[in-house]
Amino acid sequence: MPPAAPRSGEAIFSSVDRVNAELFTLTYGAIVRQLLNDLEEVEEVNKQLDQMGYNIGIRLIDEFLAKSNVSRCVDFKETAEMIAKVGFKMFLGVTASVTKWDADGSCCSIVLEENPLVDFVELPDTCQGLYYCNILSGVIRGALEMVAMKTEVTWIRDMLRGDDAYELQVKLLSQLPEEYPYKDDE
Amino acid sequence: MIGAGKIKQYANILDKPIGKGKQEVSLSALAFLFSELVQYNQTQVDNISELETRLEDAGYAVGARVLELLCHREKGNRRETRLLGILSFVHSTVWKVLFGKVADSLEKGTEHEDEYMISEKELLVNKFISMPKDMGSFHCGAFVAGIVRGVLDNAGFPAVVTAHFVPVEGQQRPRTTILIKFAEEVGTSLNSLASNIPLLTKVWYAQV
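Protein chains in written order, with the numbering used here: chain A, 1 to 186; chain B, 187 to 394.
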């Protein structure tokens, strides 16, 4: 039986169960508020958000692969396109674009034009160092690590800090070799 | 510059339009987020009732904001001032907007005058959660109970809201009931007035 063709982000998004984005936004706001209350240091909150994103990402990748039917990506460029066009669409319902490729194709920027996490949000003066959407960087990092790519994800532009869009820089650090859980000669 | 066009920058966030509320995210995104919320709180507490309290407090903040948002958007800045009104607001409007459907049922308690129950076959947030035996009576619906408490409290009807599992015959997973017990000052009549009425009157005159 020939393998099923990969599905577009739009098609998957319309076939999954969906919820009101405002519940999602408000729940995320409650999480950030709790973290700020508990941890008090903005840097600590950033790290915790990244860690939470990582935990989500390592499980999210399974759902992504199951629902989207993508075959193995040939190179990192295709991976980034998959994240932006299929991944963001099927989970958050927004489209992202990939730009600013560097010379050897290991570093790119994913630009988000809309971001459901930040509706109704304004950063107060006491939290200026906070990367409010840091959970997204953890999700990408976790998901890619599960498919054997070690990456570093950082925020370049953040609208809550006054920029005009949300831009994440995804840098491929290394490809991890596939480890088999058993030895061939046993 | 790529990506700069779509979102308009507003000098003041209060000038930004609220939006119609039609945007959606996938259920799994919400489920993942909720599971992280629960897991994070598990690391911060020592026992189950503290965990429930923390989830409820998180929900309270959501409820307060949901009330403001929905009063503005759905009801044209009109607030419910009567008990029956606020209960049906929670049961229909709030549930419809947050979970996509009205709640399964709204009942008045038979044992106590000031108790009401909203029942749901399966809470949306609990869909992918399974309870280990050693968690006893813990209910992740404490988050939803917090949302309801936030809505009621900020509307002027202080109450204690809790979530319970009610086993149903013939169904594998128990039904969820959100129990609302209104505070003394609310009174028991369905026509009881909200306790922040003087404030509401002032606001109305200010708009005129």
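Quick caveat, the hints were computed from the structure, so don't treat them as lab data. Since the model is a prediction, treat every value here as computed from it, not as a measurement. Cβ coordinates follow ideal geometry from the N, Cα and C atoms, glycine included. Each hint should be verified, as a subset may be incorrect.
To be verified - Heads up, simulated DSBU-like pairs for lysine-lysine below, C-alpha to C-alpha not over 30 Å straight-line: (1) B/Lys206 with A/Lys85; (2) A/Lys89 with B/Lys287; (3) B/Lys294 with B/Lys206; (4) B/Lys202 with A/Lys89.
What the hints assert, rightly or not - Here chain A is said to cover these stretches of chain B; the calculated rule only asks that three of the stretch's residues, wherever they fall, bring their Cβ under 8 Å from a Cβ of chain A: (5) 222 to 231; (6) 242 to 256; (7) 298 to 306; (8) 348 to 360.
Hint by hint, here is what the structure shows:
Among the hinted pairs, B/Lys206 with A/Lys85 is consistent with the structure: their alpha-carbon atoms are about 25 Å apart, no more than 30 Å. Restraint check for A/Lys89 and B/Lys287: satisfied, since their Cα atoms lie roughly 24 Å apart, inside the 30 Å limit. Distance hint between B/Lys294 and B/Lys206 is unfulfilled; the C-alpha atoms sit about 33 Å from each other, more than 30 Å. Distance check on the hinted pair: B/Lys202 and A/Lys89 sit about 24 Å apart at the alpha-carbon level, within 30 Å; holds.
For the segment 222 to 231 of chain B, the stated coverage by chain A is satisfied: 6 residues place a CB nearer than 8 Å to a CB of that chain, which reaches the threshold of 3. With a cut-off of 8 Å between beta carbons, the segment 242 to 256 of chain B has 8 residues touching chain A; three or more are needed, and the interface restraint holds. Counting residues of the segment 298 to 306 of chain B whose beta carbon lies closer than 8 Å to any beta carbon of chain A gives 0, which falls below the threshold of three, so the coverage claim is violated. Counting residues of the segment 348 to 360 of chain B whose CB lies closer than 8 Å to any CB of chain A gives 0, which falls below the minimum of 3, so the coverage claim is violated.
In the structure shown, a violation is registered for the earlier hints numbered 3, 7, 8, in ascending order.
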